[in-house]
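All chains should be modelled from the sequences, with the hints used to inform the complete structure.
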Amino acid sequence: MTNLKPADPAPAAEATVTAAPAAGPARSGWRSLLPTMTPWLAIGLVLVAGITLFGLLGPLLVGDPRQIRDQGLTPPSAEFWLGTTQTGQDVLAQLAYATRGSLQIGLLVGVLATALSAFFGIYGAYRGKFLDDAFSLFTNVFLVIPGLPLVIVISGFVPRESRGLWTIAVVLAVTGWAASARVLHAQTLSVRQRDYVAASQVSGERPWRVIVVEILPNLLPVIASQFVFAVIAAILGEAGLSYIGLGASNSATLGTMLFYAQNGFALSLGAWWWFVPPGLMIALFGMGLSLVNFSIDEVINPKLKNLRQHRKRARRALRLERELARRSTQETDR
Amino acid sequence: MNYFLRKLSFYAVALWAALTLNFAIPRMLPGNPVDILLAKLQQRGETVTPETRKAYALLLGGDSSDPLWIQYWDYLKNLARGDLGVSVSYYPAQVSDVILTSLPWTVVLVGIATILAAVLGVLLGAIVGWRPGTWLDSLVPSTTLLAAVPYFWLALILAYLLARVLGWFPLQGGYDVVLTPGWNGEFIASAIQYGFLPALTIVLASVGGWLLGMRNMMVSTLSEDYILTAEAKGLSPRKILRSYASRNAVLPSVAGFAISLGFVVSGSVITEQVFSYPGIGGRLLGAVTNNDYALMQGVFLFITLAVLGANLLVDLLYGLIDPRTRARA
Numbered sequence: 067m068t069n070l071k072p073a074d075p076a077p078a079a080e081a082t083v084t085a086a087p088a089a090g091p092a093r094s095g096w097r098s099l100l101p102t103m104t105p106w107l108a109i110g111l112v113l114v115a116g117i118t119l120f121g122l123l124g125p126l127l128v129g130d131p132r133q134i135r136d137q138g139l140t141p142p143s144a145e146f147w148l149g150t151t152q153t154g155q156d157v158l159a160q161l162a163y164a165t166r167g168s169l170q171i172g173l174l175v176g177v178l179a180t181a182l183s184a185f186f187g188i189y190g191a192y193r194g195k196f197l198d199d200a201f202s203l204f205t206n207v208f209l210v211i212p213g214l215p216l217v218i219v220i221s222g223f224v225p226r227e228s229r230g231l232w233t234i235a236v237v238l239a240v241t242g243w244a245a246s247a248r249v250l251h252a253q254t255l256s257v258r259q260r261d262y263v264a265a266s267q268v269s270g271e272r273p274w275r276v277i278v279v280e281i282l283p284n285l286l287p288v289i290a291s292q293f294v295f296a297v298i299a300a301i302l303g304e305a306g307l308s309y310i311g312l313g314a315s316n317s318a319t320l321g322t323m324l325f326y327a328q329n330g331f332a333l334s335l336g337a338w339w340w341f342v343p344p345g346l347m348i349a350l351f352g353m354g355l356s357l358v359n360f361s362i363d364e365v366i367n368p369k370l371k372n373l374r375q376h377r378k379r380a381r382r383a384l385r386l387e388r389e390l391a392r393r394s395t396q397e398t399d400r
Numbered sequence: 010m011n012y013f014l015r016k017l018s019f020y021a022v023a024l025w026a027a028l029t030l031n032f033a034i035p036r037m038l039p040g041n042p043v044d045i046l047l048a049k050l051q052q053r054g055e056t057v058t059p060e061t062r063k064a065y066a067l068l069l070g071g072d073s074s075d076p077l078w079i080q081y082w083d084y085l086k087n088l089a090r091g092d093l094g095v096s097v098s099y100y101p102a103q104v105s106d107v108i109l110t111s112l113p114w115t116v117v118l119v120g121i122a123t124i125l126a127a128v129l130g131v132l133l134g135a136i137v138g139w140r141p142g143t144w145l146d147s148l149v150p151s152t153t154l155l156a157a158v159p160y161f162w163l164a165l166i167l168a169y170l171l172a173r174v175l176g177w178f179p180l181q182g183g184y185d186v187v188l189t190p191g192w193n194g195e196f197i198a199s200a201i202q203y204g205f206l207p208a209l210t211i212v213l214a215s216v217g218g219w220l221l222g223m224r225n226m227m228v229s230t231l232s233e234d235y236i237l238t239a240e241a242k243g244l245s246p247r248k249i250l251r252s253y254a255s256r257n258a259v260l261p262s263v264a265g266f267a268i269s270l271g272f273v274v275s276g277s278v279i280t281e282q283v284f285s286y287p288g289i290g291g292r293l294l295g296a297v298t299n300n301d302y303a304l305m306q307g308v309f310l311f312i313t314l315a316v317l318g319a320n321l322l323v324d325l326l327y328g329l330i331d332p333r334t335r336a337r338a
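From first to last, the protein sequence lines are chains S and B.
Heads up: the first sequence begins at 67 in the numbering used here, then just goes up one per residue.
Heads up: the second sequence begins at 10 in the numbering used here, then just goes up one per residue.
Treat the hints as calculated values from the structure; they're not laboratory data.
One or more of the hints may lead you astray.
Stated by the list, open to error - Result set (DSBU-like, lysine-lysine): computed pairs, CA atoms no more than 35 Å apart in a straight line:
#, chain 1, residue 1, chain 2, residue 2
1, B, K242, S, K378
2, B, K63, B, K49
3, S, K195, B, K16
4, B, K49, B, K86
5, S, K378, B, K248
Set out below in structure tokens:
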């Protein structure tokens with residue numbers, strides 16, 4: 067998907083990347099909020115979609131993940147594609163259910179943390195003055211207090227029986243919103259200065275309407291990118307908590323799988339098929355989301371995008387020049 | 010207000026917030042940690058006097074008759090004296106002693122690994138961002154895989170490959186147990202050998218973030234006018250890279266140290282567990298499994314204190330590096 071007219075060699079001649087406006091037909095407002103398709107974005111989308119589908123549909127296709135058999139610790143085979151655990155449970159079946167659990171908590175925490183960061187970041191920056199100072203201080207304090215140790219302490223105090231999915235989600239959200247609140251704060255400060263915001267304030271709009279209708283749409287790419295980060299962080303954080311046995315007591319996630327693998331001595335028994343897939347799943351999902359975020363970054367920071375387009379244009383111009391040179395030599399040869 | 014004064018007062022507030030959180034958490038959550046702790050103490054043969062009970066109730070809340078603000082004041086007074094209570098899992102050791110013996114392990118491990126990762130990531134990021142569009146630069150998105158890998162899983166994989174299959178490094182522990190800890194060559198060599206895998210885990214998992222941040226800042230910096238001027242003056246590319254582009258691009262990386270340090274400390278807590286490293290993370294998790302609430306809170310306080318201290322140091326340095334921050338006030 068290029069929105070460039072046939073190569074115009076002029077931009078290529080410039081040594082620096084200028085903020086050249088897109089040469090093609092003007093993109094509509096909403097289109098310009100959507101990232102451009104690149105190979106990396108495609109890989110990211112395929113990874114995210116594939117793993118989400120696996121988490122949604124996988125549990126319907128596999129057997130009971132808890133069923134115990136007398137074939138303990140068998141390597142991957144035709145019957146069990148990912149082998150079995152120490153007690154003969156099907157690793158693939160566990161992986162499917164665990165992926166679903168991890169995605170669930172990731173989504174839940176992502177929404178909660180984004181809502182918190184939007185409140186403290188956007189509302190504080192919009193109101194300004196004392197409230198902004200107070201919110202900023204609050205955000206910065208949460209930013210420097212290390213998250214996971216705090217989560218561990220909180221989970222340690224909650225008795226195991228009352229440690230449900232929501233408890234863990236709330237704890238992870240409360241300890242994980244600060245960084246994106248700061249990003250949103252900075253962005254809101256710049257949006258708030260614009261004339262149309264002032265215009266709607268002068269015309270007597272209520273603060274909430276100004277925020278939701280005038281400011282929020284301009285922050286959508288930033289919020290989307292922060293949401294993606296929050297989901298990654300939540301899945302990683304939950305995996306860490308579950309791995310040390312502090313996760314939700316009624317859920318099966320990728321971290322829980324790793325916890326059982328560690329406690330079943332998968333490492334010293336050499337059962338790589340037990341502990342490699344869950345971590346790889348987290349890593350690939352996180353990578354997919356980060357790649358999607360790369361493209362969102364280009365929407366937020368046009369310099370990055372111009373760079374790519376500039377590169378493309380330069381390459382095209384080079385090709386054109388060579389072509390012309392070839393033709394002219396051919397002509398002189400005649 | 011003066012930049013340094015402002016920073017100092019911010020960290021004072023952050024410290025106070027951490028102390029207050031520590032005070033509030035056990036009081037807000039269900040469960041009765043004091044009774045569990047005292048029962049455990051009695052099992053170990055300590056006679057529980059009303060004074061011990063009161064000391065723990067101050068630390069963890071519970072059925073104290075005093076109003077909350079008096080509890081809070083007494084709690085702060087106890088902390089100021091360095092009294093964090095007695096550890097149940099290491100009975101009869103004081104919590105502060107348990108922490109002080111394990112703290113150096115973590116500080117050295119995390120400190121060296123973080124500095125290595127930061128230097129490596131910033132250097133690589135500067136090189137990659139300097140010539141955007143080369144094949145090297147097109148590989149940058151793949152570093153996201155490293156950033157998305159759970160620390161402890163990377164640790165498991167490294168332990169499996171390098172320690173179990175290849176046998177290059179010991180699988181667990183912080184030093185060879187036949188040696189006695191001390192400042193002699195043999196012991197330090199052993200500590201380095203045992204610390205290599207945990208350090209490698211932290212470096213691998215955190216280098217991607219540094220690289221990416223630096224690369225993006227380099228790309229933005231390169232389009233600045235002063236770079237164009239430097240090129241027009243005919244300065245050598247090396248000089249522009251070193252004295253013009255990198256120095257300006259590195260500033261956000263330094264300022265973002267707070268966030269990354271929090272991540273690294275969090276990640277290393279669980280990594281230590283994988284390697285049974287004798288650091289503070291292992292103590293924290295041990296405390297959680299043993300319901301050793303006093304030790305748990307003590308470790309949290311110390312980790313927070315260390316992170317706040319490191320950040321204060323970096324912020325003060327930043328004020329020296331970048332004069333604009335001092336002028337803004």
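* Hints that the structure is at odds with (numbers, increasing) -> none
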